[in-house]
Every structure is written in structure tokens, then in C-alpha cells.
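J.: The residues making up each chain are set out below.
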Amino acid sequence: KQEVTQIPAALSVPEGENLVLNCSFTDSAIYNLQWFRQDPGKGLTSLLLIQSSQREQTSGRLNASLDKSSGRSTLYIAASQPGDSATYLCAVPPRGGSNYKLTFGKGTLLTVNP
Amino acid sequence: KAGVTQTPRYLIKTRGQQVTLSCSPISGHRSVSWYQQTPGQGLQFLFEYFSETQRNKGNFPGRFSGRQFSNSRSEMNVSTLELGDSALYLCASSLAASGQETQYFGPGTRLLVL
Numbered sequence: 233k234q235e236v237t238q239i240p241a242a243l244s245v246p247e248g249e250n251l252v253l254n255c256s257f258t259d260s261a262i263y264n265l266q267w268f269r270q271d272p273g274k275g276l277t278s279l280l281l282i283q284s285s286q287r288e289q290t291s292g293r294l295n296a297s298l299d300k301s302s303g304r305s306t307l308y309i310a311a312s313q314p315g316d317s318a319t320y321l322c323a324v325p326p327r328g329g330s331n332y333k334l335t336f337g338k339g340t341l342l343t344v345n346p
Numbered sequence: 010k011a012g013v014t015q016t017p018r019y020l021i022k023t024r025g026q027q028v029t030l031s032c033s034p035i036s037g038h039r040s041v042s043w044y045q046q047t048p049g050q051g052l053q054f055l056f057e058y059f060s061e062t063q064r065n066k067g068n069f070p071g072r073f074s075g076r077q078f079s080n081s082r083s084e085m086n087v088s089t090l091e092l093g094d095s096a097l098y099l100c101a102s103s104l105a106a107s108g109q110e111t112q113y114f115g116p117g118t119r120l121l122v123l
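Taken in sequence, the protein lines are chains A and B.
My numbering numbers the first residue of the first sequence as 233 and each following residue consecutively.
My numbering numbers the first residue of the second sequence as 10 and each following residue consecutively.
Hints are computed from structural coordinates only; laboratory data are not their basis.
One should not assume that every hint holds.
[Claimed, not checked] Below, computed lysine to any residue pairings styled on SDA-like, alpha-carbon distance capped at 25 Å:
1. K274/A <-> L90/B
2. K274/A <-> L123/B
3. K66/B <-> A318/A
4. K66/B <-> Q234/A
5. K333/A <-> G93/B
6. K338/A <-> A318/A
7. K66/B <-> E235/A
8. K233/A <-> L123/B
9. K333/A <-> V28/B
10. K333/A <-> L120/B
11. K333/A <-> L123/B
12. K233/A <-> F73/B
13. K66/B <-> L97/B
14. K338/A <-> N80/B
15. K333/A <-> Y113/B
[Claimed, not checked] Output of the computed footprint for chain B on chain A, the stretches with three or more beta carbons under 8 Å from beta carbons of chain B:
16. 267-280
17. 330-343
The model shown is predicted, which means the values in this text are computed figures rather than measured ones.
Heads up, the beta-carbon is just placed ideally off N, CA and C, and yes, glycines get one too.
The task is simple: from the sequences and hints, build the whole structure.
T.: Here it is, written out as C-alpha cells:
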């Protein structure tokens, strides 16, 4: 059974800092990994999807990496802003399976202080 | 292009009642998945529908059911509500072409069971 862990559970940083969020998964036979953002009481917004054949994916100030062999992914946020404050979740599909049935980590609650 | 919409956004019910939640996917998306989010368990997969058929199912009791209509809109029903069913219910849609596409989430329906 796939298990996804995110460390740390919460992170507070001053504005302008670069930061890294971590995601680990137990079964490396995945096709891809997704990072989402969730604002309080809201739905999820897809940030990045990394295919297993890729090692990195970038979108603006966000950069996500994937190392299947070690079962790890990181989300790097450059020059953090107060608007980045949210919960960040990573999710993987089942072993060899599609994205219709994702397993999520519990998330990292990020607070960026002005 | 309109995003995923869910109705109602908020709902208050009492134990023993039943509830129906609705999800309209992004136009052209054929797969709809449902998730339950609680502070203790995080996001958990409920079920997924494609072409009016349930393709995947999570580990939830039979009180949780769903269906999909020919226009890809989906509903989920929870019968005999329990206090523990209080949660944010999210639906997600995708094109369902390869199974590797990004999942797009709606804003969720927050259900409170008293």
C-alpha cells in the first residue's frame, strides 16, 4: 500500500527566503507525482506534475524534483512571498496506475511572514 | 474555460439523514473522482467515475455511493449520516485520455453533521 509522507508538517519563514518542502513515498513504481496548493477552506490547485521520466519541472518561482529510486520529491520555492502562504500537498497514483486514484500526503502548512 | 464546480458549497445535516453532493467537471473532461478531506485522515479517495461507470473505489462503507451522468456530471450520496462524515468533499476531473493528466479540483462542499 502506497504511503506518502511530507516533512515538515508546518514551516514559517520570513518573506524573501528560499525554501524546500519534502515529500517521500514508499512505492517507487509510479508514473508521476503531483504537487498541489490548498488555501484555507478551499479546493486544491495543481502546481506541478512531474512524469517519472523527468527529474525536474519548473513553473515560475517553483521547481519540483523527483527521484523515484529513493522515493523522494522536493518542491523548491524561490524568493517566498506572503501570498505563498498555504498548505502544500504532494500526491502519487497507485503502483503502475493512473491519476484517477491519488494518494496524498498530509501536507506542509507554509506561512510566509511579511 | 470554467473550472470544476461543486454544489452546494456548505451543508448542515443531522445524524441519520442523507445528503447528495453534485460535481460538474471541466467541459470535455470525462473522469470524475471524489475525495474526503478531514483534519485527522487528510485526503482520502472515495471513488472515480468514467463514462457513467465506477472504475475505482476507495475503502469507504456502502453508505457512500455515487453516479455519473451522460454529460459527465457526477453526484455522490451519503446515507445514514454519522458525525464522522463531517468533512470537506472534493471532486476532481481530468481528460482521461492517458491516465497521466493533471487532476483539476473543485472548491469542495463542506458538510457538517450535527
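J.: Determine for every hint whether it applies to the structure shown.
T.: For each hint, the structure was consulted:
1. Distance hint between K274/A and L90/B is fulfilled; the C-alpha atoms sit about 23 Å from each other, no more than 25 Å.
2. About 22 Å separates the Cα atoms of K274/A and L123/B, which keeps this hinted pair within 25 Å; it holds.
3. For a cut-off of 25 Å, the pair hint linking K66/B to A318/A is broken: about 29 Å separates their Cα positions.
4. Using a Cα cut-off of 25 Å, the hinted pair K66/B and Q234/A holds, with the two alpha carbons roughly 15 Å apart.
5. Only pairs whose Cα atoms come within 25 Å are accepted, and K333/A paired with G93/B is accepted, the gap being roughly 22 Å.
6. Distance hint between K338/A and A318/A is fulfilled; the C-alpha atoms sit about 13 Å from each other, no more than 25 Å.
7. The hinted pair formed by K66/B and E235/A meets the criterion: a straight-line CA distance of about 17 Å does not exceed 25 Å.
8. Proposed proximity of K233/A and L123/B is contradicted: the alpha carbons are some 33 Å apart, above 25 Å.
9. Restraint check for K333/A and V28/B: satisfied, since their Cα atoms lie roughly 23 Å apart, inside the 25 Å limit.
10. A hinted pair counts as satisfied when its Cα atoms are at most 25 Å apart, and K333/A with L120/B qualifies at roughly 22 Å.
11. Straight-line distance between C-alpha atoms of K333/A and L123/B comes to about 30 Å, which puts the hinted pair past the 25 Å bound.
12. Between K233/A and F73/B the CA atoms are separated by roughly 22 Å; this keeps the pair inside 25 Å, and the hint holds.
13. Restraint check for K66/B and L97/B: satisfied, since their Cα atoms lie roughly 18 Å apart, inside the 25 Å limit.
14. Distance check on the hinted pair: K338/A and N80/B sit about 33 Å apart at the alpha-carbon level, beyond 25 Å; violated.
15. Taken as a hint, the K333/A and Y113/B pair is honoured in the structure, with Cα atoms around 13 Å apart against an allowance of 25 Å.
16. Under the rule that three or more residues need a Cβ within less than 8 Å of chain B, the assignment of the segment 267-280 of chain A holds, with 7 such residues.
17. With 10 residues having a Cβ less than 8 Å from any Cβ of chain B, the segment 330-343 of chain A passes the three-residue criterion, so the hint holds.
Hints 3, 8, 11 and 14 from the list above are not met by this structure, while the remaining hints are.
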